[in-house]
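**Q** Chain by chain, the residues:
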Amino acid sequence: MIQAEGLLKRYGSKTAVNDISFTVKPGMVTGFLGPNGAGKSTTMRMIVGLDRPSAGSVTVNGKPYAEHAAPLREVGALLDAKAIHTGRSAYNHLLAMGATHGIGKARVNEVIGLTGLESVAGKRVGGFSLGMGQRLGIAAALLGDPATLILDEPVNGLDPEGVMWVRQLARHLAGEGRTIFLSSHLMSEMALTADHLIVLGRGRIIADAPVAEILASSTRTAVKLRSPRADQLAALLQGADVTITTTEPGALTITGLTAPVIGDAAAQAGIPLHELTPVGASLEEAYMDLTQDDVEYHAGSTATITEEAAR
Amino acid sequence: MTAAIATAVPNARLSAPGIVRSEWIKLRSVRSTVWSYAIIVAVSLGIALLIAATSTFGGDIPAESQTSIVLQASTFGIYFGQLVVGVLGVLVISGEYSTGMIRSTLTAVPKRIPALLAKALVLFVTTFVVGLVSVLGSFLVAAPILAGQGIEADLSDGSLYGNMALAALYLALVAVFSLGLGTVLRSSAGGIAAALGTILLLPTILQLIAGLTQAKWAADLMPYLLSNAGTGMYTESFDGSGLEQWQNVLVVLVWVGVSVVLGAVLLKRRDA
Chain A
1 MIQAEGLLKR YGSKTAVNDI SFTVKPGMVT GFLGPNGAGK STTMRMIVGL DRPSAGSVTV
61 NGKPYAEHAA PLREVGALLD AKAIHTGRSA YNHLLAMGAT HGIGKARVNE VIGLTGLESV
121 AGKRVGGFSL GMGQRLGIAA ALLGDPATLI LDEPVNGLDP EGVMWVRQLA RHLAGEGRTI
181 FLSSHLMSEM ALTADHLIVL GRGRIIADAP VAEILASSTR TAVKLRSPRA DQLAALLQGA
241 DVTITTTEPG ALTITGLTAP VIGDAAAQAG IPLHELTPVG ASLEEAYMDL TQDDVEYHAG
301 STATITEEAA R
Chain B
1 MTAAIATAVP NARLSAPGIV RSEWIKLRSV RSTVWSYAII VAVSLGIALL IAATSTFGGD
61 IPAESQTSIV LQASTFGIYF GQLVVGVLGV LVISGEYSTG MIRSTLTAVP KRIPALLAKA
121 LVLFVTTFVV GLVSVLGSFL VAAPILAGQG IEADLSDGSL YGNMALAALY LALVAVFSLG
181 LGTVLRSSAG GIAAALGTIL LLPTILQLIA GLTQAKWAAD LMPYLLSNAG TGMYTESFDG
241 SGLEQWQNVL VVLVWVGVSV VLGAVLLKRR DA
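Protein chains in written order, with the working numbering: chain A, 1 to 311; chain B, 1 to 272.
Please keep in mind that the hints were generated in silico from the structure rather than gathered at the bench. All C-beta atoms, glycine included, are put in the ideal place defined by N, C-alpha and C. Be careful, since some hints might not be right.
Quick list of the computed label-pair ranges, beta carbon to beta carbon [to be verified]:
{"hint": "1", "chain 1": "A", "residue 1": "Val242", "chain 2": "B", "residue 2": "Ala189", "range": "43 to 49 angstroms"}
{"hint": "2", "chain 1": "B", "residue 1": "Leu117", "chain 2": "A", "residue 2": "Glu67", "range": "17 to 23 angstroms"}
{"hint": "3", "chain 1": "A", "residue 1": "Asn109", "chain 2": "B", "residue 2": "Ile113", "range": "30 to 36 angstroms"}
{"hint": "4", "chain 1": "B", "residue 1": "Ser15", "chain 2": "A", "residue 2": "Lys14", "range": "37 to 43 angstroms"}
{"hint": "5", "chain 1": "A", "residue 1": "Arg204", "chain 2": "B", "residue 2": "Phe80", "range": "53 to 59 angstroms"}
{"hint": "6", "chain 1": "A", "residue 1": "Ala69", "chain 2": "B", "residue 2": "Tyr161", "range": "41 to 47 angstroms"}
{"hint": "7", "chain 1": "A", "residue 1": "Pro210", "chain 2": "B", "residue 2": "Ser98", "range": "39 to 45 angstroms"}
{"hint": "8", "chain 1": "A", "residue 1": "Lys14", "chain 2": "B", "residue 2": "Lys111", "range": "27 to 33 angstroms"}
{"hint": "9", "chain 1": "A", "residue 1": "Ala209", "chain 2": "B", "residue 2": "Arg269", "range": "34 to 40 angstroms"}
{"hint": "10", "chain 1": "B", "residue 1": "Leu117", "chain 2": "A", "residue 2": "Ala69", "range": "41 to 47 angstroms"}
The calculated lysine-lysine pairs, modelled on DSS-like cross-linking and capped at a C-alpha distance of 27 angstroms, are [what the hints assert, rightly or not]:
{"hint": "11", "chain 1": "B", "residue 1": "Lys111", "chain 2": "A", "residue 2": "Lys25"}
{"hint": "12", "chain 1": "B", "residue 1": "Lys268", "chain 2": "A", "residue 2": "Lys63"}
{"hint": "13", "chain 1": "B", "residue 1": "Lys216", "chain 2": "A", "residue 2": "Lys14"}
{"hint": "14", "chain 1": "A", "residue 1": "Lys63", "chain 2": "B", "residue 2": "Lys216"}
{"hint": "15", "chain 1": "A", "residue 1": "Lys105", "chain 2": "A", "residue 2": "Lys123"}
{"hint": "16", "chain 1": "A", "residue 1": "Lys105", "chain 2": "B", "residue 2": "Lys111"}
{"hint": "17", "chain 1": "A", "residue 1": "Lys123", "chain 2": "A", "residue 2": "Lys63"}
{"hint": "18", "chain 1": "B", "residue 1": "Lys111", "chain 2": "A", "residue 2": "Lys82"}
{"hint": "19", "chain 1": "A", "residue 1": "Lys123", "chain 2": "A", "residue 2": "Lys14"}
{"hint": "20", "chain 1": "B", "residue 1": "Lys216", "chain 2": "A", "residue 2": "Lys82"}
{"hint": "21", "chain 1": "B", "residue 1": "Lys216", "chain 2": "B", "residue 2": "Lys111"}
{"hint": "22", "chain 1": "A", "residue 1": "Lys82", "chain 2": "A", "residue 2": "Lys105"}
{"hint": "23", "chain 1": "A", "residue 1": "Lys25", "chain 2": "A", "residue 2": "Lys63"}
Partial list, computed: chain A residues near chain B (C-beta under 7 angstroms) [stated by the list, open to error]:
{"hint": "24", "residue": "Ser21"}
{"hint": "25", "residue": "Phe22"}
{"hint": "26", "residue": "Thr23"}
{"hint": "27", "residue": "Pro26"}
{"hint": "28", "residue": "Gly27"}
{"hint": "29", "residue": "Pro71"}
{"hint": "30", "residue": "Leu72"}
{"hint": "31", "residue": "Lys82"}
{"hint": "32", "residue": "His85"}
{"hint": "33", "residue": "Leu95"}
{"hint": "34", "residue": "Arg107"}
{"hint": "35", "residue": "Gly144"}
{"hint": "36", "residue": "Asp145"}
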C-alpha cells in the first residue's frame, strides 16, 4: 500500500510533481502512466526517499519508507536500470545490497535464477546490455521479498520474451496480494498488465481509475478525414463538444461528431472529402485523450487552424 | 513460470553490522581497491629498498638518530601512499555517484548517514591494515640493509613501533578525509583534484607565498596543513613547527572531521 498526500516537488522554478494525492492498493497491478517528463520517476523516487518532497508526504505500508526496520522487505524498487556500479559483478552487487539486511547467498542465488542471470552473474555489470541491466535491477528489487514492488519502466530494453516475463511476474506477485506499482509511457503495455491506472500529465493526476473504466469513459468514437480544404472544414465543424486535431496537413481527427454529420456538413459547404473513417477508441486513444490537454502541442495546433480559417 | 518468490527472508532487517558487511563487499569487489592497495605496498617496499641501499652514512651517529633513520626509511612509502588513498577514498563514493549506484545504496539504507559511516569505517580499517603491512614490510626490507652500514634501530624503543602505527593511522585518516571530500563534491574528477590539491598543492603554494612575500601568516599556517601535520604525526624530528605529536594527530583529526561532517550533512540533505 502506497499513500501519497499533496505530494509536490519543485526543481528551481519548475514544478515536476504538482500537489498529487493517490493510493496504490495491494493485490493488484497499478499502472503509472504519463508522457515522458510527466513526473512519474520523480514521484517514485520520492516514495523511497531518494528525493525529498517540497511539500506533502508519502507513506509505504503506513510509514515513511525510511522509518521501516527492513526497507528492502517493504519495498523493492527498480528506479533506474543503471543504478549499479559498472565495475562490480552482478553477484557481488546483489550480495552487497542484501548484506545490509542480512540477506545471504542463498537468496542472492535465488533471485539470480529467477531473473535468468545465471550465465552472467560473475561478469562485470559494465558489459551488460540494457536488457540484462534491467533484469539485474529487477533481481535487486526482489531481494527482500518485498510486500510492495515499484518498477519504473521495467520493460525498457527487454526483448519480447523479457517483456512477457515482466508482465507475468507483475501479475503473479499481485496475485500473491502484493502491491505492484508499474510505470510506463506506453499505454499498450499497461492495457496488458495493469488493473488500475493512475495517469499523470505535467505533474498532475489526470485520471485515477480502473482500466475498464478509463476505456469506457472514452468510447466516443473518433472520425478521421482527409480533405484538401481541411482548414475550412475544421472551422466549420468547431463546437463545444468537438475536438479537432491535425496529425498532418490535410488530415483531421475529430471526436464529438459522427461520420454522417461531418459528411453532410462537408457536402453542404461544397468541401471535397478524400477520406472519412470512423474509428473506435482504443486504450491508446483513451490515453491520448487524457493527456492531450497536458501536451502543449495540441492546444497550439487547434488555435492555428482556427486562426487560418478566420482569414 | 514457477513461483517467483520461493525462499522467504522473514528475519531480514537493516542492521549496522549488515551495512558494514555490505560496504566491505563493495570495497573488495572492485578492481580499483585491489590495485590501489597493491601499489601502496609495492611502492613502499621499493622506496625503502632504494633509500636503504643508496644512503651512505659517515661518522659517529647517535643511537637515537639511528632509530630515526630506520623509521624514516620504513615510513617513506606513506608519503606516496597518501596520494593513492587520496584518490581511492574519493572513488569509493564518487564511483557510486558516477554509475548511479548511490541510488541503490540509499534505497537499501534510506537513513543515509549509516551508509557513509560504514564506508568510512571499512575504508579506515582496511587502509590502516594496508598501511601497517607496508610500513612493517618496509622496515623488514630496510632495517637489515641499514644495519650493514652501521645504522641500527633500537628495537627496545617503544616509540619506534608507536610511530610506525601512527604512520599507518595517518594513511587511513587521509583515506577517510578523501571519502568526505568525494561525498561533498559527488564527482571523481573534482574530488580527486580537491584531495590531491589539499595534500600536495596547498603546502607548496603556502611555501611559495611565504618565500616570496615573507608573509608570516603563511609560515604560521604551514604546520596546520593536512600533509604537514600528518608527517608530524610519525616523524618527531621532522619539523621545527613546535607542534607536539599529539597536536599533529589532533590537527589531522580536525581535517578529517570537517570533511566527513560536511559530507554527511550534504548527503542527508540533498536529493540523490
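**Q** Look at each hint and say if it fits the structure.
**A** Hints and how they fare:
no.: 1; hint: A/Val242 x B/Ala189: 43 to 49 angstroms; in the structure: violated, 57 angstroms
no.: 2; hint: B/Leu117 x A/Glu67: 17 to 23 angstroms; in the structure: holds, 19 angstroms
no.: 3; hint: A/Asn109 x B/Ile113: 30 to 36 angstroms; in the structure: holds, 31 angstroms
no.: 4; hint: B/Ser15 x A/Lys14: 37 to 43 angstroms; in the structure: holds, 39 angstroms
no.: 5; hint: A/Arg204 x B/Phe80: 53 to 59 angstroms; in the structure: holds, 58 angstroms
no.: 6; hint: A/Ala69 x B/Tyr161: 41 to 47 angstroms; in the structure: holds, 44 angstroms
no.: 7; hint: A/Pro210 x B/Ser98: 39 to 45 angstroms; in the structure: holds, 42 angstroms
no.: 8; hint: A/Lys14 x B/Lys111: 27 to 33 angstroms; in the structure: holds, 28 angstroms
no.: 9; hint: A/Ala209 x B/Arg269: 34 to 40 angstroms; in the structure: holds, 37 angstroms
no.: 10; hint: B/Leu117 x A/Ala69: 41 to 47 angstroms; in the structure: violated, 18 angstroms
no.: 11; hint: B/Lys111 x A/Lys25; in the structure: holds, 26 angstroms
no.: 12; hint: B/Lys268 x A/Lys63; in the structure: holds, 19 angstroms
no.: 13; hint: B/Lys216 x A/Lys14; in the structure: violated, 50 angstroms
no.: 14; hint: A/Lys63 x B/Lys216; in the structure: violated, 58 angstroms
no.: 15; hint: A/Lys105 x A/Lys123; in the structure: holds, 17 angstroms
no.: 16; hint: A/Lys105 x B/Lys111; in the structure: holds, 25 angstroms
no.: 17; hint: A/Lys123 x A/Lys63; in the structure: violated, 37 angstroms
no.: 18; hint: B/Lys111 x A/Lys82; in the structure: holds, 22 angstroms
no.: 19; hint: A/Lys123 x A/Lys14; in the structure: violated, 41 angstroms
no.: 20; hint: B/Lys216 x A/Lys82; in the structure: violated, 52 angstroms
no.: 21; hint: B/Lys216 x B/Lys111; in the structure: violated, 46 angstroms
no.: 22; hint: A/Lys82 x A/Lys105; in the structure: holds, 23 angstroms
no.: 23; hint: A/Lys25 x A/Lys63; in the structure: holds, 15 angstroms
no.: 24; hint: Ser21; in the structure: violated, 21 angstroms
no.: 25; hint: Phe22; in the structure: violated, 21 angstroms
no.: 26; hint: Thr23; in the structure: violated, 21 angstroms
no.: 27; hint: Pro26; in the structure: violated, 15 angstroms
no.: 28; hint: Gly27; in the structure: violated, 15 angstroms
no.: 29; hint: Pro71; in the structure: holds, 5 angstroms
no.: 30; hint: Leu72; in the structure: holds, 6 angstroms
no.: 31; hint: Lys82; in the structure: holds, 5 angstroms
no.: 32; hint: His85; in the structure: holds, 4 angstroms
no.: 33; hint: Leu95; in the structure: holds, 5 angstroms
no.: 34; hint: Arg107; in the structure: holds, 5 angstroms
no.: 35; hint: Gly144; in the structure: holds, 6 angstroms
no.: 36; hint: Asp145; in the structure: holds, 5 angstroms
Of the hints listed earlier, those the structure fails to meet are numbers 1, 10, 13, 14, 17, 19, 20, 21, 24, 25, 26, 27, 28, in rising order.
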